[in-house]
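*Asks:* Chains as they are written, first to last, in the numbering used here: chain A, 1 to 356; chain B, 1 to 260.
What the hints contain is simulated information worked out from the structure, not anything from laboratory work. Hints are supplied without guarantee of correctness; some may be wrong.
[Claimed, not checked] Facing chain B, a subset of chain A residues (Cβ under 7 Å, in silico): (1) R104; (2) G105; (3) S117; (4) N120.
Quick caveat: nothing in here was measured; it's all calculated off a predicted structure. Built from N, CA and C at the ideal position, the CB exists for glycine as well.
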Amino acid sequence: MSAADIANSNPSGPNPDGEPLLRIRDLKVGFSAQNRVLPAVRGLSVELSKGEVLGIVGESGSGKSLGMLASLGLQARNAVVSGSVVFKGQELIGRPRREMRSLRGSEISMIFQDPLSSLNPVMTVGDQIREALLLHNKNMSKAKATERVLELLQLVAIPQPDRRINQYPHEFSGGMRQRVMIAMAVANNPELLVADEPTTALDVTVQAQIMTMLRDLKEKMGLALILITHDLGVVAGHADRVAVIYAGQVVEEAEVRELFANPRHPYTRGLIASIPKLTASKEKLYSIPGAPPMLGALPEGCAFHPRCSFAQDVCRKVSPPTVELGRHRASCHFAESLPSWDDTSRTAQSKERSHG
Amino acid sequence: MVGGLVVLIWLIATLFPTWLAPHDPLTIAGRRLQAPNATYLLGTDALGRDVLSRTIHGAQHSLPIALLVVVSAVVIGSAAGAISGYKGGIIGAAIMRLVDITLSFPPILLAMAVAASLGPGLRNAAIAMVVVWWPVYARLMRAQVLEVREREHVEAAVAAGAGHFRILTKHILPLCWTPILISATMDLGQAILLAASLSFIGLGATPPTPEWGAMISDGATFFYSWWIAFGPGMAILTVVLGFNFIGDGLRDYFDPRSSK
Chain A
1 MSAADIANSN PSGPNPDGEP LLRIRDLKVG FSAQNRVLPA VRGLSVELSK
51 GEVLGIVGES GSGKSLGMLA SLGLQARNAV VSGSVVFKGQ ELIGRPRREM
101 RSLRGSEISM IFQDPLSSLN PVMTVGDQIR EALLLHNKNM SKAKATERVL
151 ELLQLVAIPQ PDRRINQYPH EFSGGMRQRV MIAMAVANNP ELLVADEPTT
201 ALDVTVQAQI MTMLRDLKEK MGLALILITH DLGVVAGHAD RVAVIYAGQV
251 VEEAEVRELF ANPRHPYTRG LIASIPKLTA SKEKLYSIPG APPMLGALPE
301 GCAFHPRCSF AQDVCRKVSP PTVELGRHRA SCHFAESLPS WDDTSRTAQS
351 KERSHG
Chain B
1 MVGGLVVLIW LIATLFPTWL APHDPLTIAG RRLQAPNATY LLGTDALGRD
51 VLSRTIHGAQ HSLPIALLVV VSAVVIGSAA GAISGYKGGI IGAAIMRLVD
101 ITLSFPPILL AMAVAASLGP GLRNAAIAMV VVWWPVYARL MRAQVLEVRE
151 REHVEAAVAA GAGHFRILTK HILPLCWTPI LISATMDLGQ AILLAASLSF
201 IGLGATPPTP EWGAMISDGA TFFYSWWIAF GPGMAILTVV LGFNFIGDGL
251 RDYFDPRSSK
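Please put together the full structure from these sequences, using the hints given.
*Replies:* So, in structure tokens, the structure goes:
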């Protein structure tokens, strides 16, 4: 891919043949420990088309980051990965490391949670972005690369790029550093950008700026975006589709409006109910009882049943099927029969929980 | 500051000994075994050579050797430690066991054994010292690399598609040098001491080279002519102290928490 243009390449739009840009099927990641495998991701399946924003939501330790990292070949040494990850028609699982390396940073990029520790403290910002460029364009001249670094810094709205280019990360504020990370990530016109909690370490106003910028870039460059986060607010405002992950599996997936208007999985309902509400400030904030299951001690049946207020006998024994309701998927025995969801039931649930 | 000044003086002595030395270090300048006096500020030795001049010229042998030894040890040790820390696995473990074995010998004994098997001479003494010294840096470097390797910017570099060599040389090693640098500065003094020790027992410099350890060894046989050993002894003392001061200063500079 030519690295010359950022702003006017890759017109976004649905892929003509309907093949998604990325399709993860039944991805499993486990850690081998004491002659057994502890499952961390237990059959993750998501799809993403060109130019789409997919939000992946889950609690800490639910396997959301791990699953995405593993699909890019970035798992820990003792991790066991199986399943299928197809990117632009090519299978990524089991590909040679060298090929994965040339794919990472050029067609698939990542940005990480903490922009301070994600930048090399002893390299100037300009050198780091230049490195990202030169890694995938061996023939690019130094001068050309510098020119392009300036262009990229402008693209991510860093003022005075010609001065900033020679500064070190510690001379940048948190938001500016995340902009630098983004500039590095989009340096080679990737088609897919995986943002792992991109705004968690930033304060709220900066969060909004960064998210707006990511969306702008997505529009300009036509990239698809995977937004890994535990912040439902970010997802509600910026994602097209949302996948909710619990204990290493997608428990519910839907268009963002549909998900918030009509959640069909009790876990999703719990997550939405635990968002603080401005109108109901006197009530105790709802929280889902219990904690996510430990890696080696998954409950039988539905992984969520010990924390679920709708749990029946069947939930304790049989793991739930994935129920498809149009483009809405939910893995719950009662996905279709759960009571309808509106603000009153939301309050009711939160009341029942906080007093019970 | 003081350390820098002392070392600077010795550096000048190393580079331009004839500027400072009043006499030729190898020719017989006067009557033998004279006590310090106005002509011979530190007296003369058993052959009548000027001790002060010999001490000043001695810097020419001790300082470059120490520098060479420490630099070689740093290069070899850091490379081994970096590979061990970054790759881990069997290679890493093998390197570290070799380090453990080397460090389990008292340094002076091992250096003596190596120097003795290679034969006397400053060059062989230097080789022996490198053999003794590299494991120290291997350990230091490995610990550093192990820590820096897990930092997020390294993961970010992997995610950007960088290869192992680039990650190690550009994203890990530049963050690992501080303790190595401090330790190396302090070790310069120790290396001078070890070189002198080897010469003292006859495994280093051969006569008539004005090497400090060899000079002290000469002085030891003329016990009542204390000045023969006094000159080179003071030289070793001041140089070692000087390098230690610089090392301390560097540590305070790089890590302000360690100073009060």
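*Asks:* State the violated hints by number, sorted upward, taking the hints as numbered earlier in the document.
*Replies:* Checked against the structure, no hint fails, so every one of them is satisfied.
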